[in-house]
Every structure is written in C-alpha cells, then in structure tokens.
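*Asks:* One-letter residues, chain by chain:
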Amino acid sequence: RKEVEQDPGPFNVPEGATVAFNCTYSNSASQSFFWYRQDCRKEPKLLMSVYSSGNEDGRFTAQLNRASQYISLLIRDSKLSDSATYLCVVNGGNYGQNFVFGPGTRLSVLP
Amino acid sequence: AAGVIQSPRHLIKEKRETATLKCYPIPRHDTVYWYQQGPGQDPQFLISFYEKMQSDKGSIPDRFSAQQFSDYHSELNMSSLELGDSALYFCASSLEDSATGELFFGEGSRLTVL
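As given, the protein sequences belong to chains D and W, one line each in that order. Going by the working numbering, the residue at position 72 of the first sequence is 72; the numbering climbs one at a time, nothing skipped. Going by the working numbering, the residue at position 28 of the second sequence is 1028; the numbering climbs one at a time, nothing skipped.
Mixed in with the good hints there might be a few duds.
What the hints assert, rightly or not - What follows is a set of in silico ranges between Cβ atoms, one per label pair, in the way DEER data are often shown: (1) W/Gln1054 with D/Gly9: 48 to 58 Å; (2) W/Glu1082 with D/Asp57: 33 to 43 Å; (3) D/Glu3 with W/Pro1008: 30 to 40 Å; (4) W/Asp1071 with D/Ala17: 25 to 35 Å; (5) D/Ala17 with W/Ser1065: 39 to 49 Å.
Stated by the list, open to error - Which chain D residues face chain W? A few, computed with CB under 7 Å, are given here: (6) Ser32; (7) Glu43; (8) Pro44.
Note that these hints are calculated values from the structure, not bench results. Every residue gets a Cβ at the ideal spot worked out from N, C-alpha and C, and that includes glycine.
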C-alpha cells in the first residue's frame, strides 16, 4: 500500500462545476500536509498548505482529518485554467523532513 | 525572487554513459531534495541533504550518487545509465525551520537515455 493515496481520476468536469479530491496517508506521525499543482511537463507548485482547522483560498478549500488520516481539496466554480494534476503531499515528520507525494489526480475542466 | 536553479534543462545520453545534474537551491535554504518523475508517474523521492549531510534516502539506485557542497548546491551523479532512467529530475529546496515547510521546486532536468 502506498504511503499517500489519492482518487485515481481523471476527473473531467464542465466549467463552473465543483470538484473534490480525496487523499489518505498512512503515517500517523505526519505533521504537515499540502496540495501541489503540476501542469504537464512542469515542476510542481504549491497550491495550498492544509491546516487542522481547514483553510480556504478563494475558490479552493482544504480540509484535514487527522483521526481518519484524510485530506481533501474542494474546487468551486472551476475554470479552464484549473486543468492540471493535483498532488497530495505529506511531510512525514522525520528528521530532515521527508515529503511524500501521492500519485496525483488529473483534472480536466471542459468548456 | 531567486528560485531553485537546475542545470542542464535537457540532457541526452546513451546507455551505459554517465550524467551529472546540478541544483542550486534558494539562498539560505538548508535542505535539498532530489525527485525522479517518469512519464505519467508521480515524483519519486531519491535523496535529500540537510546542511550538507545526507538526511534521507529514498528509491535511489546504487548507480546514482549525490552530494551537497559547501555552497549548498547539490549534484546528482548517474552512472551506467539505463533506458528506464529517462525521466524528469526535479530538485527542490526548503528551510528546515520554516513554519510552512513548503518545498520549492526547480524547473527540472529532462534526461533522455537512448
């Protein structure tokens, strides 16, 4: 079983739709959680960190449930430019940090 | 603001050759990570360095080695290249004590082994 797992995707949604991605992690000692966005053949870029209380940034909302070891990302009013692969990243909390990437969920927003 | 710099951006090698990738982290970042991303795959952690010492090791083949130098730049050395080594190699840097713990990625070095 992979340390970080995500919805397999791909997700194909129309513009304006709301879409949710799920992520689970196995290391209960994990301390930090992130959603990264990766466009085709480009480097991953931080979309948002995920805090225990949940956090929102415009159309994006991230939630963390430590008890269930579950992270989610909600995108509202999706735009064509949201089309990308969304990577769930967990910092294992080991010395020197150890960022573990999920397999990614690909989103295509269709006109 | 300065970002993570990787070189070369593209590299073509033959099987059994060697290759060296370089990474210059963001100034004052003390931790460097190397990731390998094959086509359609998620980034796979290879190795990391904290303050010039190896801090963690992932799925790095024995044919590969890496180090971090006194100026904090890092090099990934790959020998006896195989076709399966063709991938995008990302370097990322972070600050160990950063409140956000964010990883900053370079644009990657694309290695093609023929």
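*Asks:* All hints, please: hold or fail.
*Replies:* A quick look at each hint next to the structure:
1. W/Gln1054 with D/Gly9: 48 to 58 Å: Between W/Gln1054 and D/Gly9, where Cβ atoms are some 34 Å apart, the hint is violated.
2. W/Glu1082 with D/Asp57: 33 to 43 Å: Holds, at about 42 Å.
3. D/Glu3 with W/Pro1008: 30 to 40 Å: Since the Cβ atoms of D/Glu3 and W/Pro1008 sit about 31 Å apart, the hinted range of 30 to 40 Å holds.
4. W/Asp1071 with D/Ala17: 25 to 35 Å: This hint is violated: roughly 48 Å between Cβ atoms.
5. D/Ala17 with W/Ser1065: 39 to 49 Å: holds, 47 Å
6. Ser32: With a closest approach of 4 Å, the D/Ser32 hint holds.
7. Glu43: holds, 4 Å
8. Pro44: Hint on D/Pro44: holds, closest Cβ of chain W at ~5 Å, below 7 Å.
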